[in-house]
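Asks: Here the structure of chain X is known, so what remains is to put chain E in place on it, guided by the hints.
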Amino acid sequence: MRYLVVRTENLTKQYGRRQALLNLSIEVEPGEVYGILGPKGAGKSTLIRVLLDLVRPTRGNALVLGLDCQRQGLLVRQKIGYLPEKLQISGSSTGEQWLQSFSRLRREADLGAAATLADRFELDLKKSLRAYSDVERKILGIIQSMMHHPELIIFDDPCTGLDRKAKNEFFHLISEVRAEGRTVMIASESLTDMERICDRVAVLYQGKLVAVERGVQLRARALRVIEMRFATAINREIFAGMPNLNDLVLEDNKVRCTVQGDPDALIKLASQYRVMDIISQQPSLEEVYRTFYGIGSYAG
Amino acid sequence: MLVSLANQALKEHRRAYLAIVFTLVLCLTGVIGVTSIVANKRGAAGWIETANRTLFWTVDYSADLAAGWITLATFATVLPIGLSILGMLHIRQWIYAKSDRDHLPLLLSYPVSRRETFLNVLILQGGFLLILAGLSAAVLLIGSLVGRFPIRAGNLLAMTVILWLYCLFVSLITLLAGNMSGSSWLGGTIGAGVFLFAVLIYLLPALVSLPAAVRWISPLAPYLDGNPFLNGIRTINWLGTAAWSAAAGLAAWLHFERLDVGN
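Just so you know, the protein sequences line up as chains X and E, in that order.
For the first sequence, position 174 (counting from the first letter as 1) is numbered 174 according to the working numbering, and the numbering increases by one without interruption.
For the second sequence, position 235 (counting from the first letter as 1) is numbered 235 according to the working numbering, and the numbering increases by one without interruption.
In case anyone wonders, no lab produced these hints; they're calculated from the structure.
Do not take every clue at face value.
[As the list claims (entries may be wrong)] Pulled a few chain E residues facing chain X out of the computed Cβ check, cut under 8 Å:
#1 H103
#2 L106
#3 L108
#4 Y110
#5 P111
#6 V112
#7 R258
#8 V261
Keep in mind the model is a prediction, meaning the values are calculated, not measured.
Think of the CB as a built atom: it goes at the ideal place given N, C-alpha and C, for glycine as much as any other residue.
This is chain E alone, in the form it adopts within the complex:
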C-alpha cells in the first residue's frame, strides 16, 4: 500500500521528487564532507571515521582539509548512487509515466516500427548523457578549485560515461522487471533491490575480495580496480562495461519488440 502510494505520488510530482533526490545527494555529500573534515582536524578517526568507513567507504581523506570532503572516494561513492536514483527516475518518467503509457499505443498504431521507437529512446538518452557530462564537469571543477584534483579530459569522459551506464543499467533492470511482472511498483521494487545489490557489489570489494568473474561482469567493475577519476580512463574495464551495456541494450530491445503495449 505504502509503495503503491509512493509510486502514485512519484508519477504526479516527479519534478519535485527529482529535486528532493538531488538535494538529498548534495546533503549526503555535505555530511560526509563535514564529518571527514572534522575527523581530519581532530586527527582522530573515532566514531566519525568508523561511520564513514561503514556507510560510505570514504577512507580516502588523507589529503588536506578542504580536499578531504571533496575526495574522489566520496564523489565516486555518493554521486553515482545519487545519480543512479536520478537516472532511474528519469527513465521511469519516460517509460512508466501515465502520459507516456497512454501515448505509446497511439504512436505504435502508426506505421512506425518498434526498432525506430527504441532508437528514439536511445537518442533521448544522449540528451541525458549531456546533462551528466555537465554535472561531471561541475564536480571536477569544484574538485580542482577546492582540492588537488586534476582536471583531465579522460576524467570527465570516464565520470560521465560511468554515471550514464550506471543509470542506464539500473533503469533497464527496473523497466524489464516492471514489464515482466506487469506491475510498475513491483518492477520499481525489484529495480531498487537490484540497485542495492549493485551498490553492495560496489562496496563489498573493499571488505572482501571478489572472484574475478564477478569483477568482470559487474557494471561497476570500473570502480573495482582503482579510482578512474584519479588514475584516468586506463583503469576502466571497458570490455566488461561495453559487454554489459550491449547485453542490457539488446535485452531491452528484444523485450520491447515483444512487449504488449497499452495495458
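Just chain X, same shape as in the assembly:
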C-alpha cells in the first residue's frame, strides 16, 4: 500500500440529527498542498478536528502519517502543526512567552525557527499579546503551527484576517514547505486562495465530497464576473464569437458578463475600443457550486 499523509475512509460524523460528514474518503499525498473548499457548514473544520482527534467520528476511520488518529493521537499530534479557525490569544505575556508555553508542550525549548518566521512576517515577539493587532495575532498563530518543522501542517481558514502583505508571505512559506517535501492541508471558503496555492482541492458540500479538483483545473474553470464601461455604446454582436462568455448584459456603454477560465480574449477584444473602467471579481461560492457541480442554494 502506498504511503499517504492522510487517508480517510467513509468518515461520517453526526451531531444529533445534523450530518457534519458523510462517507468522506480522501487521500493526501506526501509533499502536496491539499485544499478543503466549502461554504460554512460543509464539514471542513469537522474533518480537520477528526484528524486531530478533537472530534470522534460516528463511523469510518482516518489515518494521519500512517497512524490511527484516535488510537495513536498523541504520536500524530507530535508530528503535525495546526492553526485553528478561531484563535484565542490574550493575556499579559509576550508573543515569545506565548510561543514558549506551546513549545514546552512538545518538550522543545528552541524558539529559533519561531524567531526566523517572525522576522519574515516582521512581527515583534517582545510585544505583549494585548498589544497585537488581529493580523499580528493570526501571524502568531501561523508561527506556532510551523515553528517545530512539522511533517504535516493543517490550517483552518488561515487567510481570513491577514492583510495582503502577510498573505503573500504566507503563500511564499507554503511554497517553501511544499518544496521541502512536507505536506500542507488548508481549509478555506475562498476559491481565489485555493486556486492560488493548492495542488489539489477537495470540494465539500453539506459534509459530502463533491469533487477533487487539481489546482490547474480550478484555475482553468475559474469564473470571473467582469464589468466594463466603454466611452461609447457597444454592439452585442462583437461578443458573439466568444465561447467562454456567459450572462452577457449590455446597457448603453456598460457591459457585464461572466467569463470562465482565461479572460485574455475578452480583454484583447475590449482593447479595440476605448475602455473607461473595468472591474473583475470572483462570483460567490454558491454560483461556482451551481455552475460546476449542479448544486443549488445551500444553507450554511
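Replies: What follows is chain E alone, placed relative to chain X:
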C-alpha cells in the same frame, strides 16, 4: 431568548456578575440577620419568623441579639447557596467562556492527553478551594467576634470542603448537561434546575423526613444530620460525600475523554 441574552451578558461581563452575586448573597444574609434580630427583640415570631422559616429555614436564632443574625443556620443556608452560584459561574467561566472554548482545540492539538488537561482543571480547583477556605475563615472570625461561635480547625475544614464540593457538584452537573445538550444556555438551565432540586433536598428534611437512601446519596447529606459547624466534622457524612465527589469526578473525566472539542 431572555435566557440566551442573559447567557451572552454573563459571558461578556462575568466579573461584574460575580460581584453582583456576591453582593446579593451578602444582602440576603443581611436581610435575614436584620429580620432575625427584629424578631428576637420583639420576642414575637409573627410574619418575620414565618417568612424566615419558610424561605431560609433560619430557625436557630434563639441566641442573643448579635449572634441571632450570624447564627450558623443562616450561614449554613445562605452562604452555601450563594457560593454555589459563585462556584457555578466560576466553572462556567473556565469551561464555557468563549475564550476557553476557542483555546481548547489548540491546546488539545498538541501532544497533550485529555487526562492531563483534566488534572489541570482539578489543580485550578485547588486554587478555588483556597479562596473558599479564606472566605470560610472570615465567616468563622466574624461569627466568633459577634456571637458565640467557636473557631475550630474542624469547623474551618468542614465549611471549606463542603462549600467546595457543593460548588463542584453543581458545576459538574452544569458542564455535563451543557455538553450533552450541545447548548450552554440549556445546560445552564438544566444545571440551575438541578441546583434548585439540591436546595430543596437541603430544605426538605426540615419539613418532612427523607428516606435514608436519599440522605446517603445527597451531596448535602452533611447538613442533614446536624450542624457540622457547631458540632464539628464528626457529623459529616464523609463516606457519602466522598462517594458523590468520586462519582461526579469520574463521570466528568470520562465525559471529557469522549467530548467533541471545538463545536
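Asks: Hints first: check each against the structure and report whether it holds.
Replies: We went through each hint and held it up to the structure:
Of the supplied interface hints, the one on H103(E) holds, with its beta-carbon coming within about 5 Å of a beta-carbon of chain X, less than 8 Å. Below 8 Å, beta-carbon pairs count as interface contacts, and L106(E) has one with chain X at about 5 Å; its hint therefore holds. This hint holds: L108(E) has a C-beta 6 Å from the nearest C-beta of chain X, less than the 8 Å allowed. A hinted interface residue such as Y110(E) counts as satisfied when its beta carbon comes closer than 8 Å to some beta carbon of chain X; here the least separation is about 4 Å, so the hint holds.
The restraint placing P111(E) at the interface with chain X holds, with a minimum CB-CB distance near 4 Å, inside the 8 Å limit. Given hint, V112(E) at the interface with chain X, holds; its Cβ is 6 Å from that chain's nearest Cβ, closer than 8 Å. A hinted interface residue such as R258(E) counts as satisfied when its beta carbon comes closer than 8 Å to some beta carbon of chain X; here the least separation is about 7 Å, so the hint holds. At its closest, the beta carbon of V261(E) sits 4 Å from a beta carbon of chain X; the interface hint therefore holds under the 8 Å criterion.
Going through the hint list in order, the structure satisfies each hint without exception.
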